[in-house]
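*Asks:* For reference, the chains in residue letters:
There are 2 protein chains.
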Amino acid sequence: MRAFNVTEENASLFVDLYELTMAAAYWSNHVNGIATFELYFRRLPPNRSFILAAGLEQMLEYLCNLHFTGQQVDWLQKHKAFESVDSGFFDYLRDFRFSCDVWAVPEGTPIFPLEPMVQVRGPLIEAQIVETYLLSMLSMQSMIATKAARIAHAAKGRSVVDFGSRRAHGPQAGLLAARASYIGGCIGTSNVLAGELGEIPIYGTAAHSFTMAFGSELEAFQSYNRVFPANTTLLIDTYDVEKAAHKVKEVPNVNAVRIDSGNLFDLSKKVREILDHDQLQKVQIMVSGDLNEFKIAELAQQDAPIDSFGVGTELVTSYDAPGISVVYKMVTATIAGQETSTVKTSEGKLSYPQRKQIYRFRKNGQFSRDEICEFDESPSERGEPLLQQYLQAGRCIQEMPKLSEVRRYASMQLDSLSDSMRKISAVEAYPVTLSQKLQSELARMQKRNL
Amino acid sequence: MRAFNVTEENASLFVDLYELTMAAAYWSNHVNGIATFELYFRRLPPNRSFILAAGLEQMLEYLCNLHFTGQQVDWLQKHKAFESVDSGFFDYLRDFRFSCDVWAVPEGTPIFPLEPMVQVRGPLIEAQIVETYLLSMLSMQSMIATKAARIAHAAKGRSVVDFGSRRAHGPQAGLLAARASYIGGCIGTSNVLAGELGEIPIYGTAAHSFTMAFGSELEAFQSYNRVFPANTTLLIDTYDVEKAAHKVKEVPNVNAVRIDSGNLFDLSKKVREILDHDQLQKVQIMVSGDLNEFKIAELAQQDAPIDSFGVGTELVTSYDAPGISVVYKMVTATIAGQETSTVKTSEGKLSYPQRKQIYRFRKNGQFSRDEICEFDESPSERGEPLLQQYLQAGRCIQEMPKLSEVRRYASMQLDSLSDSMRKISAVEAYPVTLSQKLQSELARMQKRNL
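So the sequence lines, in the order shown, correspond to chains E and G.
The first sequence maps to residues 562 to 1011 in this note's numbering.
The second sequence maps to residues 562 to 1011 in this note's numbering.
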């Protein structure tokens, strides 16, 4: 059996076939001048006022490592799809390195529709070939970071832990979701690999099977506690929650109990009463089980005696919005020796020409509006440019922040959004305008006849 | 930067922390007798009458390769979460190999709620530790294979190609989705890596950017065609679909055109007329753009002149049901030296005791009903046992079929479902019964007081 996985070594083939056939056609037609591509999303998913940018670090890893092995090029060259292609193209692939400039919005920055989250500028073939990988990596992490921000906000200061690896779209998705959830506001994850690779705090309790593997529930509780005397969270809903809650006093030094089923409001209240009655005020209550931002907001609203939430499926799949309308569009190309803006005028899928910069403005410390300008244009007033350069001619020119720093930055950024922007249901549109220059350019381009 | 990815080497740490803390507690308490875990889903997602099992091969790869490196064990041993654990446990991890028996339903088999799709039987710690990986790998691929089966069915004989890598939940999810989509009925994928690793047919056209990179649309078409004279699909909606359709006659030997926006019914009719008028009856029409099984069924119903569909986001995210209620539950354990059935009685989350086998019965060639029995029990009549053994004491005892064979098998299996079971909206429940023996055992177990 051959491992069916995307690795550092084979990521170059994680492309849609058309990226390689277009590359062959560009190469054969000597069309490989400077072009600019921008990655952005067209619309916000339901109930969201922003998207939290995430996934940049993995994108840069991929770009800096991008190459084709001899074996990969041989395979392509022998493939029927490429039988008519000149062998010189395959020599080009053998020597392929990514040499573009890459600008991006820092991870943890809230962004809005049409704002370029990433900008790739360089030889057309190189800029085109990375499309699929960039879209999948950035859209997924941004989607999950956004969902995490919503859930953490709904929890009103209570902790949220990512418990979703098992329901993610495969192992890598689980790992990436742990990372994105942490950026978005979770305090950590149950995923051990995410802890090892990303220094993300890891959390765990016990499963129902643990309780079931012993002769009695109490024996299971005590057996766990003997091995983890300083760090025991008891799962108390394998059989009967209230009966289990009464057993907590027989286990020394329990940190917390977890309830994973039933009416979490009623049960948490009953359990809190039992624990308090047994002088176990220090024992915290964690709940889990098909939670999302709306259920958590309701529990918080009801002032349920819950200290933390474990969230799985809904978080790691962004269940109510498992895809976003993210695209990677060419905005300039070199045509007849001159770099010129480009546009697509397909019905309902207009693209916006020209290389851009986003400027963000604040009022009383909070984000008040954004202006999308041409790259070298001055904004209407002094604002913060959001796109920063990360790669110059394919080389990394910025030290990447630690994940804990990204999380801290994201938290400050989210705090700069107005309260109404952070609501989990009613959606308010953040004001984003296109500069007059960009609008004129778009109008001019739409009038052409090609 | 350190690669943030799940690989063969680090997959052992793709666990929820509790699997390892439970392992430590089991080991320290000398609780590691034979146990059986079963993986199944509790409920069907909306509009589905079945789930198509997929992901088995990647599960087996993982299990056969499972081990901890010295560096990983050192990291765990130093982690705060394990500071109270006896060093003998870490020696156990250093020597860890997976030695369980594994039974599973073959990939491409339709399954129903509560039916064990996978059964793992062996030492408790080993059977427990693989939970997260198995759940994420099998649920994801099964979910996507199911969605693909729905979409391919809706297309009524027209071809469906997976175009979704860019919208999948990260690169690995895109790769796995390509595989699962192929099993479910797609004719192939745009993902080149899936073609290279899985011998899945790959398909591609061109992007809008290709058209935009040339001085005119016709120049772009001709430039592509020069390089791929025997295999040209033209994307005709970059500017104006009808104008572009009129240009097809100026490009020799075009296979197909693709329309990616607008009203696909109206546009495909207009384009077909233009092509036919130009004596281009052989040029096929492919459409794409936010398609799903319902939109495709409508286009097929209207008899739109469409030859194939490219489907992305909705397919690879299983957009309307991006998660399934899949669980991995212990059904037997060795308690006080004896293997005994186990059950969880949490509110709304009941588990079913005992190691099981599924029997499927046919009537006039079609699947008529299933019976879930105890493993060694005889079913009420002669039926086909669905669970087959794949691993014996951790070693693979079956040659895995080629992916094209899995796809053929899946197609025959889907054909054995009644028409009403294959509908994409109205849902009919397939009859699945629990044997009398299993029901009695469940009733007995629920009465216990633990």
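Please keep in mind that the hints were generated in silico from the structure rather than gathered at the bench.
Among the clues, some could well be false.
When chains are identical, the list treats them as one kind, so a pair holds in a single copy or across two.
To be verified - Below 25 angstroms or equal to it, Euclidean Cα-Cα: the simulated DSS-like pairs (lysine-lysine) are: (1) 830 - 717; (2) 856 - 910; (3) 810 - 984; (4) 998 - 910.
*Asks:* Between residue 998 and residue 910, at a C-alpha cutoff of 25 angstroms, which is it: within one copy, between copies, both, or neither?
*Replies:* within (21 angstroms within a copy, 59 angstroms between copies)
*Asks:* With 25 angstroms as the alpha-carbon cut-off, assign the pair residue 856 and residue 910 to within, between, both or neither.
*Replies:* between (35 angstroms within a copy, 18 angstroms between copies)
*Asks:* Quick one: residue 810 to residue 984, C-alpha cut-off 25 angstroms, is that within a copy, between copies, both, or neither?
*Replies:* neither (40 angstroms within a copy, 54 angstroms between copies)
*Asks:* Between the shortest in-copy and the shortest cross-copy C-alpha distance, which are at most 25 angstroms for residue 830 and residue 717: within, between, both, or neither?
*Replies:* Only inside one copy: residue 830 and residue 717 sit 18 angstroms apart there, 54 angstroms across copies, limit 25 angstroms.
Checked against the numbered hints given earlier, this structure breaks only hint 3.
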